[in-house]
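When you get a sec, could you build the whole thing from the sequences and use the hints?
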Amino acid sequence: MKVKMAISYPTVGASGRTGDWRVFRPVINQKLCIHCYNCYVFCPEGTISPELGVDYEYCKGCGICANECPSKAIRMVKEE
Amino acid sequence: MMAECVEEEETSVYVTGCEAAARAVIIAKPSVVAAYPITPQTEIVEKLSLFIGEGRHDCQFIAVESEHSALSACIGAASCGARTFTATSSHGLLYMAEMLYWAAIARLPIVMANANRALASGWNIWADHIDSLSQRDAGWIQFYTSTVQEVYDTILIAFRVAENEGVMLPVMVNLDGFLLTHINQPLRLVDETLYQEEFLDEINVPHALNLDSPHTLGTLISPSDNYRVQHDRKLGMERAKDVIKEAERDFLRLFGREYHPVMEYRSDDAEVLLLGMGTLAKEAEDAVDMMRFRGIKAGLLRLRQIRPFPDDEIIDAISRSPAEKLVIIDRDYSPGSGGILSQEVKTRLYDAGIVKEIVNVIAGVGGQDVSAEDMMEMVELERGEHWWGI
Ligand code: SF4
Ligand code: SF4
Numbered sequence: 005m006k007v008k009m010a011i012s013y014p015t016v017g018a019s020g021r022t023g024d025w026r027v028f029r030p031v032i033n034q035k036l037c038i039h040c041y042n043c044y045v046f047c048p049e050g051t052i053s054p055e056l057g058v059d060y061e062y063c064k065g066c067g068i069c070a071n072e073c074p075s076k077a078i079r080m081v082k083e084e
Numbered sequence: 227m228m229a230e231c232v233e234e235e236e237t238s239v240y241v242t243g244c245e246a247a248a249r250a251v252i253i254a255k256p257s258v259v260a261a262y263p264i265t266p267q268t269e270i271v272e273k274l275s276l277f278i279g280e281g282r283h284d285c286q287f288i289a290v291e292s293e294h295s296a297l298s299a300c301i302g303a304a305s306c307g308a309r310t311f312t313a314t315s316s317h318g319l320l321y322m323a324e325m326l327y328w329a330a331i332a333r334l335p336i337v338m339a340n341a342n343r344a345l346a347s348g349w350n351i352w353a354d355h356i357d358s359l360s361q362r363d364a365g366w367i368q369f370y371t372s373t374v375q376e377v378y379d380t381i382l383i384a385f386r387v388a389e390n391e392g393v394m395l396p397v398m399v400n401l402d403g404f405l406l407t408h409i410n411q412p413l414r415l416v417d418e419t420l421y422q423e424e425f426l427d428e429i430n431v432p433h434a435l436n437l438d439s440p441h442t443l444g445t446l447i448s449p450s451d452n453y454r455v456q457h458d459r460k461l462g463m464e465r466a467k468d469v470i471k472e473a474e475r476d477f478l479r480l481f482g483r484e485y486h487p488v489m490e491y492r493s494d495d496a497e498v499l500l501l502g503m504g505t506l507a508k509e510a511e512d513a514v515d516m517m518r519f520r521g522i523k524a525g526l527l528r529l530r531q532i533r534p535f536p537d538d539e540i541i542d543a544i545s546r547s548p549a550e551k552l553v554i555i556d557r558d559y560s561p562g563s564g565g566i567l568s569q570e571v572k573t574r575l576y577d578a579g580i581v582k583e584i585v586n587v588i589a590g591v592g593g594q595d596v597s598a599e600d601m602m603e604m605v606e607l608e609r610g611e612h613w614w615g616i
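Residue numbers (the working numbering), protein chains in the order written: chain A, 5 to 84; chain B, 227 to 616.
Derived by calculation from the structure, the hints in this document are not laboratory data.
Check the hints yourself; a few may be wrong.
Example chain A residues on the side facing chain B (calculated, C-beta under 10 angstroms, incomplete) [said to hold, decoys possible]:
| id | residue |
| --- | --- |
| 1 | M5 |
| 2 | V7 |
| 3 | M9 |
| 4 | I11 |
| 5 | Y13 |
Here are the simulated DMTMM-like pairs of lysine to aspartate or glutamate, each with C-alpha atoms no more than 25 angstroms apart in a straight line [to be verified]:
| id | chain 1 | residue 1 | chain 2 | residue 2 |
| --- | --- | --- | --- | --- |
| 6 | A | K6 | B | E511 |
| 7 | A | K6 | B | D363 |
| 8 | A | K8 | B | D458 |
| 9 | A | K64 | A | E83 |
| 10 | B | K471 | B | E550 |
| 11 | A | K8 | B | D438 |
| 12 | A | K6 | B | D438 |
| 13 | B | K255 | B | D417 |
| 14 | A | K6 | B | E539 |
| 15 | A | K6 | B | D468 |
| 16 | A | K6 | B | E236 |
| 17 | A | K6 | B | E472 |
| 18 | B | K582 | B | E550 |
| 19 | A | K8 | B | D427 |
| 20 | A | K8 | B | E472 |
| 21 | A | K8 | B | E391 |
| 22 | A | K64 | A | E84 |
| 23 | A | K6 | B | D451 |
| 24 | A | K8 | B | E324 |
| 25 | B | K471 | B | E539 |
| 26 | A | K8 | B | D451 |
| 27 | B | K582 | B | D512 |
| 28 | B | K551 | B | D494 |
| 29 | B | K471 | B | E324 |
| 30 | B | K582 | B | E608 |
| 31 | B | K582 | B | D494 |
| 32 | A | K76 | A | D59 |
| 33 | A | K8 | B | E464 |
| 34 | A | K8 | B | D468 |
| 35 | A | K6 | B | E464 |
| 36 | A | K6 | B | D458 |
| 37 | A | K8 | B | D363 |
| 38 | A | K8 | B | E428 |
| 39 | B | K523 | B | E497 |
| 40 | B | K523 | B | D495 |
Given the structure is predicted, the values throughout are model-derived calculations rather than measurements.
Idealized CB from N, CA, C, for every residue including glycine.
Printed below as a string of structure tokens:
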């Protein structure tokens with residue numbers, strides 16, 4: 005038996021193409037990356053994959069990943 | 227020949243209501259206990275902290291900075307599927323109020339002990355039921371106990387009721403401040419292995435957070451769904467009625483002590499019925515015996531739970547007894563309305579089409595001393611509300 009309550013399951017793009025909001029894009033420098041997975045865990049959009057690639061369709065450019073990266077491997081680059 | 231000294235496991239101890247509560251919790255093996263001290267509950271969490279510190283049970287004991295945080299920590303842990311326990315009293319319970327509703331609507335099977343105590347202004351740390359009764363609409367199952375043994379047994383029963391898959395609601399076990407928290411009484415212990423193997427299953431919260439199926443609990447919920455959630459909580463509460471009785475039956479079978487939603491005492495042929503909750507209603511058994519000795523056919527109904535309200539049991543007990551007069555003792559008061567227990571009972575009588583002479587006595591609030599002799603006088607009162615001592 006399942007109780008009824010407020011539960012939401014994540015779905016891709018439930019809030020639209022949040023990539024459109026982006027002013028700065030995160031770029032991961034694989035040479036500096038130490039695979040700590042901080043960015044993966046902290047990204048509020050779930051747009052960093054287990055392979056540490058960024059899904060720019062939905063990455064809204066908040067910069068949290070860059071802020072949490074201990075090895076400064078993520079740079080926020082201004083969109084053209 | 228030398229007698230051999232065999233160390234027997236203790237089966238019976240002499241402890242306070244607080245220690246009995248803590249001992250019961252340890253047997254149920256929660257994974258998280260979060261609590262903040264408040265008189266007269268403090269000994270419950272002190273003892274839990276001690277038992278956990280001694281390694282009697284491996285558990286996270288979180289000493290938080292407030293009652294609001296204590297319940298919030300339990301909510302977080304229960305949302306991950308953990309068995310949790312906390313304890314509070316009076317102002318602490320009211321400080322939790324927001325999270326009481328949250329826990330119930332989020333259907334988290336948290337168990338809490340509440341030491342019933344009055345509310346300020348005018349600091350008063352003595353027994354009064356207004357703290358828990360003021361929270362009766364939060365969606366918690368609420369038990370009221372009358373002896374140290376009953377505190378222990380009811381906490382053992384509470385985990386099973388809370389965690390039943392059709393119920394999934396938090397349970398509050400109330401014990402009168404000082405009259406139970408600080409009084410030593412003999413306590414018969416249960417066989418822990420029997421309890422763990424035959425009485426209480428592993429906890430399973432079906433909606434718990436889960437890495438295999440990631441989800442968020444307690445998100446925004448629109449008017450088109452909110453009423454469904456509230457209605458489902460009502461269904462859980464209704465199912466709890468049978469689940470409680472089933473748990474009480476199993477408890478009797480395994481451990482030999484008998485509990486019912488309404489504890490009847492010499493009520494079958496009574497001409498006047500006393501009705502109450504907690505220690506006052508236990509004391510009333512003496513009043514009934516003394517009245518019987520003097521030729522007055524008195525009886526007693528002691529409610530062990532106010533949520534879910536035992537409608538059928540109370541109507542059944544009242545209709546089976548020939549009593550025309552009901553003396554309802556409220557250790558609480560709703561200003562501008564009346565005694566809360568009395569209102570609850572009157573509603574059920576009206577629905578069942580039963581008319582009785584109802585005497586509502588407000589007695590024992592703020593720890594007011596009420597004796598069995600006092601209760602013998604109460605049965606002489608006339609219909610309506612009376613404040614004992616005024
Ligand atoms: S910028 Fe923000 S949204 Fe984009 S990957 Fe980093 S944390 Fe995620
Ligand atoms: S936080 Fe930085 S170092 Fe850690 S995995 Fe992400 S990019 Fe690599």
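Straight-line alpha-carbon gap K6 (chain A) to E539 (chain B), limit 25 angstroms: Outside the cut-off at roughly 29 angstroms; violated.
With a cut-off of 10 angstroms, does the beta carbon of M5 (chain A) approach a beta carbon of chain B closely enough for the hint to hold? holds, 5 angstroms
Given pair status - D468 (chain B), K6 (chain A), alpha carbons within 25 angstroms: holds, 18 angstroms
Given the proposed pairing of K8 (chain A) with E464 (chain B), does the C-alpha separation stay at or below 25 angstroms? holds, 15 angstroms
Does E497 (chain B) lie within 25 angstroms of K523 (chain B) when you go C-alpha to C-alpha? The given pair, whose Cα atoms are some 5 angstroms apart, holds under the 25 angstroms limit.
Restraint check for K8 (chain A) with D438 (chain B), where alpha carbons must lie at most 25 angstroms apart: Between K8 (chain A) and D438 (chain B) the Cα gap is close to 20 angstroms, so the pair holds against 25 angstroms.
Between the alpha carbons of K6 (chain A) and E511 (chain B), is the straight-line distance 25 angstroms or under? Answer violated: K6 (chain A) to E511 (chain B) is near 43 angstroms, above 25 angstroms.
Does the alpha-carbon distance linking K8 (chain A) and E428 (chain B) stay inside the 25 angstroms limit? Answer holds: K8 (chain A) to E428 (chain B) is near 22 angstroms, not above 25 angstroms.
What's the verdict on K255 (chain B) and D417 (chain B), does the C-alpha distance respect the 25 angstroms limit or exceed it? holds, 14 angstroms
Going by Cβ atoms only, is Y13 (chain A) closer than 10 angstroms to chain B? At about 5 angstroms, which falls below the 10 angstroms cut-off, the nearest Cβ of chain B leaves the hint on Y13 (chain A) intact, so it holds.
Would the hint linking K8 (chain A) and D451 (chain B) be met if the CA-CA limit is 25 angstroms? holds, 9 angstroms
Is K582 (chain B) within 25 angstroms of D512 (chain B), Cα to Cα? The hint holds at about 24 angstroms.
Checked against the numbered hints given earlier, this structure breaks hints 6, 10, 14, 16, 29; the rest are met.
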